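Turn these sequences into a full structure, and let the hints steer you where they fit.
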Amino acid sequence: MYGAPIWSTAAQKRAYIRQAESAHRRACLRVIGGRPHVSYEAKYVLAGIPPLALLTDERARLYGRRRENAGNEERLATLSKWQEAWDRSTKARWTHRLIPNIRVWIERRHGELNYHLTQLLTGHGFFKHHSRRYNHNQSAQCPVCDSSIENAEHVFYQCPRFSEERESLHSLLHEVMTPESTTRLMLASEPNWLAVASFARSVVIRLRDEGTDRR
2 MYGAPIWSTA AQKRAYIRQA ESAHRRACLR VIGGRPHVSY EAKYVLAGIP
52 PLALLTDERA RLYGRRRENA GNEERLATLS KWQEAWDRST KARWTHRLIP
102 NIRVWIERRH GELNYHLTQL LTGHGFFKHH SRRYNHNQSA QCPVCDSSIE
152 NAEHVFYQCP RFSEERESLH SLLHEVMTPE STTRLMLASE PNWLAVASFA
202 RSVVIRLRDE GTDRR
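Heads up, the sequence shown is in the working numbering, so the first residue is 2 and it goes up one at a time.
Just so you know, these hints were derived from the structure itself, not from any lab. All figures in this text were calculated on a predicted structure; none of them were measured in a lab. Incorrect hints may have been included.
In silico EDC-like cross-links for lysine to aspartate or glutamate, where the CA-CA straight-line distance does not exceed 20 angstroms [as the list claims (entries may be wrong)]:
#, residue 1, residue 2
1, K92, E42
2, K82, E154
3, K92, E168
4, K82, E59
5, K82, D147
6, K82, E108
7, K92, E181
Derived DEER-like restraints, expressed as beta-carbon distance ranges [stated by the list, open to error]:
#, residue 1, residue 2, range
8, C146, V177, 17 to 23 angstroms
9, V145, A86, 23 to 29 angstroms
10, L77, P192, 17 to 23 angstroms
For every residue, glycine included, the Cβ atom is placed at its ideal position computed from N, Cα and C.
Structure representation (structure tokens):
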């Protein structure tokens, strides 16, 4: 962020920072092990890295300040602006449902993301509802549940195809996991995080294999 006070005004003009934003987003995508079409908003939150425009604004505000706690104050201000944007956004609403509070998520003491867990947290993956966005000839309907759309919520929390994996997870967590309780349970302890990650891996691999068999 060298020179941020100088070019922070230019950051308001998309053409000036488009290239920098692209690199920033690719870095976030690598951190979360996500798929390319994950929204920018979800990439930033999952990676725990504020959007570039907010970071440049923060560095500009810090320029010239000498108070010892200035960095903490400005980071809190950045988090507040980021949270407001996250709450207002119409994108990544599934991720927002799972992770409504950015600060709680990014200040966690354990837990790394991977390709399988990120599919649970973004809703982007081997779900028929997601695949249908790119192949309109494909049905989004669950092959087992006649009246249900095969999306992340259905697959991970409802579909009987994965009842055995789900019951094993609930036994380890000592609680039934819902979308609203998912990250609370994951952040409660490292064993919980690993249990949810293992569950996500099992479900995603089976879902991928089923999709391969159908083709």
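Results of checking the hints against the structure:
Pair hint K92 plus E42 holds up; C-alpha atoms about 7 angstroms apart against a cutoff of 20 angstroms. Annotation: proposed proximity of K82 to E154 is violated, straight-line Cα distance about 29 angstroms (limit 20 angstroms). A threshold of 20 angstroms between alpha carbons decides the hint, and for K92 with E168 the separation of about 31 angstroms lies outside it, so the pair is violated. For the given pair, K82 sits about 11 angstroms from E59 by alpha-carbon distance, which is consistent with the 20 angstroms threshold.
For the suggested pair K82 and D147, the alpha carbons sit about 43 angstroms apart, so the restraint of at most 20 angstroms is broken. Restraint check for K82 and E108: the C-alpha separation of about 17 angstroms stays at or below 20 angstroms, so the hint holds. Between the alpha carbons of K92 and E181 the distance comes to roughly 18 angstroms, so the proposed pair stays at or under 20 angstroms and holds. Separation of C146 from V177 is about 19 angstroms and conforms to the stated range, judged on CB atoms against 17 to 23 angstroms.
For V145 and A86, the hinted distance range of 23 to 29 angstroms is not satisfied, since their beta carbons lie about 38 angstroms from each other. Taking the beta carbon of each, L77 and P192 are about 31 angstroms apart, not inside 17 to 23 angstroms as hinted.
In the structure shown, a violation is registered for the earlier hints numbered 2, 3, 5, 9, 10, in ascending order.
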